[in-house]
Amino acid sequence: MTTDTSQTPPEQLLYSTMLFYGCWGSLTLMAITYALYVLGVLTPHVPLETVTQLWSQPVKVYLEQGGVPQGWGWLRLVGQGDFLNFTGIVLLAGMTILCYVPLIGAYLKKKEPIFAAVAVLEILVLLFAASGIVGSGGH
Amino acid sequence: MKRQILLKAGLPVLGAALLIAVYAMAAQNDAVVTQSMAEAGVSGPWWLWPLVLLFFCFILGIIAVLAGVGGGVLYVPLVSGFFPFHLDFVRGAGLMVALAGALAAGPGLLRRNLASLRLALPVALIASSCAIVGAMIGLALPTNVVQICLGATILFIAILILKSKNVAVPEVKKPDALGIALGMNGVYHDASTGQDYAWKTHRTLPGLLMFIIIGVMAGMFGLGAGWANVPVLNLMMGVPLKVAVGTSKFLLSITDTSAAWVYLNQGCVIPLMAIPSIVGLMFGSFVGVRLLAKAKPKFIRYMVIGVLLFSGAKALLKGLGIG
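Sequences listed follow chains A and B, in order. FYI, the numbering for the first sequence is -13 to 125, going by the working numbering. FYI, the numbering for the second sequence is 98 to 420, going by the working numbering.
Here chain A stands alone, though its shape is the one from the complex:
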């Protein structure tokens, strides 16, 4: 396959660069926070033995018996070993939203309002999913 990027649109190259650093940054963050968690440097909110008992149960049981918050409630517990892991996970899941933001300006500059509108709508859809409004609880 070609590595000639001369035909690649600039907005696509920018997206690619942001994604590269964001993705590997979040994976590194995950490895570090996981190490802090399992090495016991930071005490977890849900004890390890409880997690291993509850991961075979439905999510509802895990939430109730583990005292695990839904949605963005984990932010209150970010100092705990297990919930610190969500910083990397959330960064990974948020990368697409961040990468879409510069596309709006790029397409408006190219006088392509349809694609700018598609980018805005996609950000709204992903923000809606990320908001925690969606869904009323697992079974």
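Everything labelled a hint here was simulated from the structure, so no lab data went into it. Since we're looking at a predicted model, the values are computed, not measured. Certain hints may be false.
Taking CB as the label site, the calculated pair distances span [what the hints assert, rightly or not]: (1) 303/B x 7/A: 33 to 41 Å; (2) -7/A x 263/B: 19 to 27 Å; (3) 28/A x 414/B: 36 to 44 Å; (4) 256/B x 61/A: 41 to 49 Å.
For every residue, glycine included, the Cβ atom is placed at its ideal position computed from N, Cα and C.
We have chain A already, so just place chain B on it with the hints.
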């Protein structure tokens, strides 16, 4: 160059950190947790599963690359069938696995113009919106119903892979009005033939509508949807195979994001099992890429079909209360 150095240095560090961490965790808490697991009726030392998952996903990553399928489609049926985790957490981790793989592949595909942002944007909007609906349906349905549907879907995917005959460069005689309006066209250079290929789409509207179903299924089962994206883009819309494969992989990074957020917000992502899965699969993918040149694709293809038939049947039987 800088990126390659970063990748080469970063991956072993990530893997080593994880292995050390799991080992240290084992050494530190082994006695206490093994006892509690025994009390709970779960056999084997507690640290076994994260460690097994790490190696299992490493192998899965190699196979997935060699077979040209996403990690999620193998991960969900196999892990839900053979590991002690509930399907809720397997689907949450499966989406994170598929998402991480797609995000890692995205930059290279976009830079080389093998994924088309212009083609992906409208498709992704439809698929990601529907993936939210799919995730809500999946979390609301009883586990056995989801397991039965998952088994049936996996069996269908196995047959689809067995039967599908993708076309390298489909002939699009006349692009349709929607394809023209959305500017769904481009040029890619194929180094293997040394030629530039101009491409455009036809049957754009039915193709886009298919992504409603694909999005719902991706969200419902926590699968990546590369198995469905590629045939629709290639056979239905007339996109060249290499651009279809590249755009499909990139698309997963957007579709799976919306579904992953739903599972994440519902508490379906447990770091203790999700992170070894993600890192193991990404490691395996990198090794798989290096093995790609030496692999015998026909053997790998039949092996994956066999694995999918087996795991699909297992999921189906489990859902029916037989397995």
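Cross-check of the supplied hints:
| no. | hint | in the structure |
| --- | --- | --- |
| 1 | 303/B x 7/A: 33 to 41 Å | holds, 38 Å |
| 2 | -7/A x 263/B: 19 to 27 Å | holds, 24 Å |
| 3 | 28/A x 414/B: 36 to 44 Å | holds, 42 Å |
| 4 | 256/B x 61/A: 41 to 49 Å | holds, 45 Å |
Checked against the numbered hints above, the structure breaks none of them.
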